[in-house]
Amino acid sequence: MKKILAIFMLGFVLFLAACGTDGDASDPKGEKTASADAESTSDQSENTDEKQVVTFWHSMGGAGQEALNAIVDSYNNSQDKVQVNAEYQGSYDEALTKFNSVAGTDSSPTIIQTFEIGTMSMINSGTILPIQELIDAEGYDMSGLEENIINYYSLDGTFYSMPFNSSTPVMYYNKDAFKAANLDPETPPETFEEVEEASQAIVKANPDMKGFALQAYGWLYEQLLANQGALLLNNDNGRTDTPTEIGWTEEEGKSIFEWVKRMVDDETFANYGTNGDNMVAGFLAGDVAMFLQSSASSREVIDNAPFEVGIAFLPHPEAKKREGVVIGGASLWMIDGKPEEETKAAWDFMKYLQTPEIQAEWHVGTGYFAINPAAYDEELVVEAHEEMPQLKVTVDQLQATTSSFATQGALMDMIPEGRKIIETALEMVYNGGEVDDAYRTAVEQFNTAIEQANAARGN
Amino acid sequence: MSMNSSVIQQIPTSQIEFERAIKKQRVKNFSKGILFLSPSIVLFSVFLFYPLARTIYLSFYLTDATGVTTVFVGWQNYVTMFTSPIFLQSMKSTFLFVLYTVPITIIISLFLAVIANEKLKGIGFFRTIYSSTMGISVAAASVFWLYLFHPSIGPLNLLVKAFGANEIGWLTNPSWALLSISITTIWMNIGFTFLILLGGLQSIDSSLYESADIDGAGYFYQLRRITIPMLSPTLFFVVTVAIINAFQTFGQIDILTQGGPVNSTNLVVYSIYREAFVNYKFGSASAQAVLLFIVILLMTFLQFKFGERKVHYQ
Chain A
4 MKKILAIFML GFVLFLAACG TDGDASDPKG EKTASADAES TSDQSENTDE
54 KQVVTFWHSM GGAGQEALNA IVDSYNNSQD KVQVNAEYQG SYDEALTKFN
104 SVAGTDSSPT IIQTFEIGTM SMINSGTILP IQELIDAEGY DMSGLEENII
154 NYYSLDGTFY SMPFNSSTPV MYYNKDAFKA ANLDPETPPE TFEEVEEASQ
204 AIVKANPDMK GFALQAYGWL YEQLLANQGA LLLNNDNGRT DTPTEIGWTE
254 EEGKSIFEWV KRMVDDETFA NYGTNGDNMV AGFLAGDVAM FLQSSASSRE
304 VIDNAPFEVG IAFLPHPEAK KREGVVIGGA SLWMIDGKPE EETKAAWDFM
354 KYLQTPEIQA EWHVGTGYFA INPAAYDEEL VVEAHEEMPQ LKVTVDQLQA
404 TTSSFATQGA LMDMIPEGRK IIETALEMVY NGGEVDDAYR TAVEQFNTAI
454 EQANAARGN
Chain B
13 MSMNSSVIQQ IPTSQIEFER AIKKQRVKNF SKGILFLSPS IVLFSVFLFY
63 PLARTIYLSF YLTDATGVTT VFVGWQNYVT MFTSPIFLQS MKSTFLFVLY
113 TVPITIIISL FLAVIANEKL KGIGFFRTIY SSTMGISVAA ASVFWLYLFH
163 PSIGPLNLLV KAFGANEIGW LTNPSWALLS ISITTIWMNI GFTFLILLGG
213 LQSIDSSLYE SADIDGAGYF YQLRRITIPM LSPTLFFVVT VAIINAFQTF
263 GQIDILTQGG PVNSTNLVVY SIYREAFVNY KFGSASAQAV LLFIVILLMT
313 FLQFKFGERK VHYQ
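As they're listed, the protein sequences go chains A and B.
Counting in the working numbering, the first sequence runs from 4 upward without gaps.
Counting in the working numbering, the second sequence runs from 13 upward without gaps.
Don't read these hints as lab results, they were simulated from the structure.
All values reported here derive from a predicted model rather than from experimental measurement.
Certain hints may be false.
[As the list claims (entries may be wrong)] Listed below are the simulated DSSO-like cross-link pairs for lysine-lysine, each with C-alpha atoms no more than 27 Å apart in a straight line:
(1) A/264 - B/322
(2) A/84 - A/347
(3) A/354 - A/264
(4) B/44 - A/207
(5) A/178 - A/207
(6) A/182 - A/347
[Claimed, not checked] Covered, in the sense of this in silico footprint (three residues per stretch, anywhere, with C-beta under 8 Å from a C-beta of chain A), are these stretches of chain B:
(7) 104-118
(8) 289-297
[What the hints assert, rightly or not] Partial pick of chain B residues on the chain A-facing surface, computed with a CB cut under 7 Å:
(9) 74
(10) 82
(11) 86
(12) 184
(13) 218
(14) 241
(15) 245
(16) 270
(17) 273
(18) 274
(19) 275
Cβ atoms here follow ideal geometry from the backbone N, Cα and C, with glycine treated the same way.
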């Protein structure tokens with residue numbers, strides 16, 4: 004017994020010792036030399052300087068991760084001063100949670116990718132370096148970027164983060180199902196009412212197929228609001244002052260619930276709840292003919308569908324003019340308090356990411372649109388658009404967007420909570436609940452969430 | 013007289029010395045005890061007591077997104093919690109979930125354990141199969157069930173359709189979702205419960221059955237009068253652990269429903285996670301965590317007070 008104990012103790016000591024050395028290795032200095040060693044074996048450059056390591060946390064899974072890794076590799080090979088290590092940290096929510104727990108310590112990354120609704124919390128966090136400082140220091144020109152992107156990511160003319168992967172919601176539809184229902188596959192429905200009619204025709208032609216699916220996803224609700232020119236939050240979507248309540252009118256907010264309700268009653272609506280993967284699987288299996296989703300999945304859907312996929316603009320109520328869409332996706336944040344060398348290296352990488360060649364590769368590989376419009380003149384994109392004209396829809400939709408507070412998107416730190424509230428309300432309607440009840444509860448809870456968020460900041 | 017007084021004086025001094033020795037011994041014992049306990053005291057303090065105290069502290073504050081306290085609000089987080097329909101719904105779902113999963117898991121596992129306890133050829137194979145779900149992680153099992161529950165291409169709905177019934181929204185219909193999660197959980201927990209119960213059955217002295225056989229007792233009489241009473245310590249353990257586990261369910265919720273539809277599967281631990289790491293309201297999340305702690309403590313206490321009376325220890 005004593006012997007076993009002794010062995011355990013010894014093992015424990017060794018374990019502690021191992022932890023100790025691990026800790027040393029994660030020290031930035033140690034990392035640098037380690038990677039420099041690894042590099043020197045691959046190419047013996049005359050440059051004896053160690054490579055500057057940049058840690059890049061991202062949330063791109065699946066096809067996006069493959070495309071991103073290819074880009075990072077191409078950057079690392081394009082020069083010999085900087086080594087970018089891209090690390091997948093789970094979904095945007097998860098990555099942000101991890102970041103919050105290491106912010107301000109040595110373990111924090113140099114760059115973190117954060118979704119658009121995290122913008123306000125990042126600015127408030129005080130752990131980031133606004134990239135405007137780097138732009139000013141260098142006199143870098145950001146005006147080459149897509150105008151709508153500049154509108155979203157600059158506040159009072161200041162860029163806080165570098166836009167990177169941006170997408171808009173689009174409507175995917177099954178062209179074969181449209182043909183079977185005697186609908187013109189080249190003129191997809193544009194308004195809520197037309198979507199309903201098309202759904203009825205599709206269900207009539209094929210009772211096994213539902214017409215339309217709307218994932219219970221707060222982001223889509225925000226987009227459907229913006230597309231009719233409605234604000235999500237007051238005070239111009241939180242862009243002129245801190246919001247104090249919701250910004251949409253009852254007519255605007257309810258129109259979406261009522262639209263869905265009519266289709267649920269017609270039995271042309273497919274309910275996939277909050278699960279987007281199930282919805283895409285259902286679409287690919289021919290169970291539903293139309294659905295709304297981020298354009299970021301377009302490449303995956305087109306490649307995997309056994310039928311011809313059409314992509315159309317986001318629908319809007321007939322009574323309202325189409326205003327356009329808000330930019331979704333994420334941007335890259337520079338973390339404050341890093342050595343100047345490291346920040347400079349990260350900045351160089353950020354600039355590399357928005358060059359037309361890289362944006363072209365990114366756009367074609369994923370379905371995110373290019374933040375740098377010059378990318379659309381690249382040969383790669385021109386060819387891809389000829390082969391898959393659907394990829395162009397997202398670009399057209401963004402460029403057709405009218406710039407206003409509604410389409411600039413809302414800024415507040417409680418938006419993730421607001422989304423959940425809307426999702427619950429949508430699901431109530433999907434399951435036969437009354438529109439009035441669902442809507443009223445959602446608005447009450449949304450307003451409470453805004454109040455609580457303001458209270459937590461001490462306002 | 014003088015002798016007398018010296019005796020009187022003598023007694024107290026020897027008594028004092030004696031008491032001193034006892035005290036010394038006690039201090040020595042105490043410090044020895046502490047020394048032996050110190051590893052666990054240190055570990056518990058770092059990983060349990062400090063977080064517990066910190067959680068209670070946080071529950072009286074509002075926080076920013078990084079979890080730094082901003083405004084002291086006293087009992088406000090608790091008041092909001094008890095008046096929030098979402099949280100009350102979440103408590104209700106949690107109790108329902110415990111009610112759905114715990115008894116059924118134990119009944120099925122007990123049945124399997126009793127039949128797997130027979131001495132038959134190849135019984136090892138069945139024992140392995142029955143306990144196999146223990147080796148499957150929550151994540152893997154959930155993904156597997158996610159596929160089974162798929163609304164249009166999932167095998168369960170294909171089966172339902174083959175019988176001519178309407179498709180069931182396993183995870184999208186609020187009245188089904190909690191049942192679906194319960195089915196998943198029961199399936200996942202059977203392995204562990206089965207193994208513990210089988211272990212309990214194996215340790216019952218076979219002479220009891222032999223003498224019962226001689227007395228001419230039937231199979232079910234033996235089951236009722238020997239097996240169940242002798243198994244009661246194991247059953248008690250399994251019930252306690254199963255209830256605590258059911259209260260702390262998280263993984264399958266996160267993967268299968270994310271608390272939806274219409275918050276019907278938003279069990280307490282998932283609700284805490286959402287409050288803290290999606291809504292970044294660490295204050296109200298801590299308040300919920302404190303309440304969960306109290307509820308589990310109370311349940312366990314009640315079980316020991318009332319449940320243990322029926323337990324027969326050998």
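Now the hints, each set against the structure:
Restraint check for residue 264 of chain A and residue 322 of chain B: the C-alpha separation of about 54 Å exceeds 27 Å, so the hint is violated. Simply put, residue 84 of chain A and residue 347 of chain A have alpha-carbon atoms about 11 Å apart, close enough for the 27 Å limit, and the pair holds. Distance hint between residue 354 of chain A and residue 264 of chain A is unfulfilled; the C-alpha atoms sit about 47 Å from each other, more than 27 Å. Under the criterion of a C-alpha separation no larger than 27 Å, the hint pairing residue 44 of chain B with residue 207 of chain A is inconsistent with the structure, at around 83 Å.
For the hint linking residue 178 of chain A to residue 207 of chain A, the alpha-carbon distance of about 16 Å falls within 27 Å, and the restraint holds. For the given pair, residue 182 of chain A sits about 55 Å from residue 347 of chain A by alpha-carbon distance, which is inconsistent with the 27 Å threshold. With 0 residues having a Cβ less than 8 Å from any Cβ of chain A, the stretch 104-118 of chain B misses the three-residue criterion, and the hint is violated. Three residues within the 8 Å Cβ limit are the bar, and the stretch 289-297 of chain B against chain A gives 6, so the coverage statement holds.
Evaluation of the residue 74 of chain B hint against chain A yields a held restraint, the C-beta minimum of about 4 Å falling below 7 Å. The closest approach between the C-beta of residue 82 of chain B and any C-beta of chain A is roughly 5 Å, which is under the 7 Å cut-off, so the hint is satisfied. For residue 86 of chain B, the shortest C-beta to C-beta distance to chain A is roughly 13 Å, which exceeds 7 Å, and the interface hint is violated. Annotation: residue 184 of chain B was flagged as interfacial toward chain A, and the flag holds, the nearest CB pair being 4 Å apart, inside 7 Å.
Against a cut-off of 7 Å between C-beta atoms, the interface hint on residue 218 of chain B is violated, since the closest Cβ of chain A lies about 31 Å away. The restraint placing residue 241 of chain B at the interface with chain A is violated, with a minimum CB-CB distance near 35 Å, outside the 7 Å limit. Hint status for residue 245 of chain B: violated, given a least beta-carbon distance of 27 Å to chain A, over 7 Å. With 7 Å as the threshold, the beta carbon of residue 270 of chain B comes within range of chain A, its nearest partner Cβ sitting at about 6 Å, so the hint holds.
Satisfaction of the interface hint for residue 273 of chain B is found here, the shortest Cβ-Cβ separation to chain A being roughly 4 Å, below the 7 Å cut-off. Given the 7 Å rule on beta carbons, the hint for residue 274 of chain B holds: about 5 Å separates it from the nearest Cβ of chain A. Because the beta carbon of residue 275 of chain B sits about 6 Å from the nearest beta carbon in chain A, less than 7 Å, this interface hint is met.
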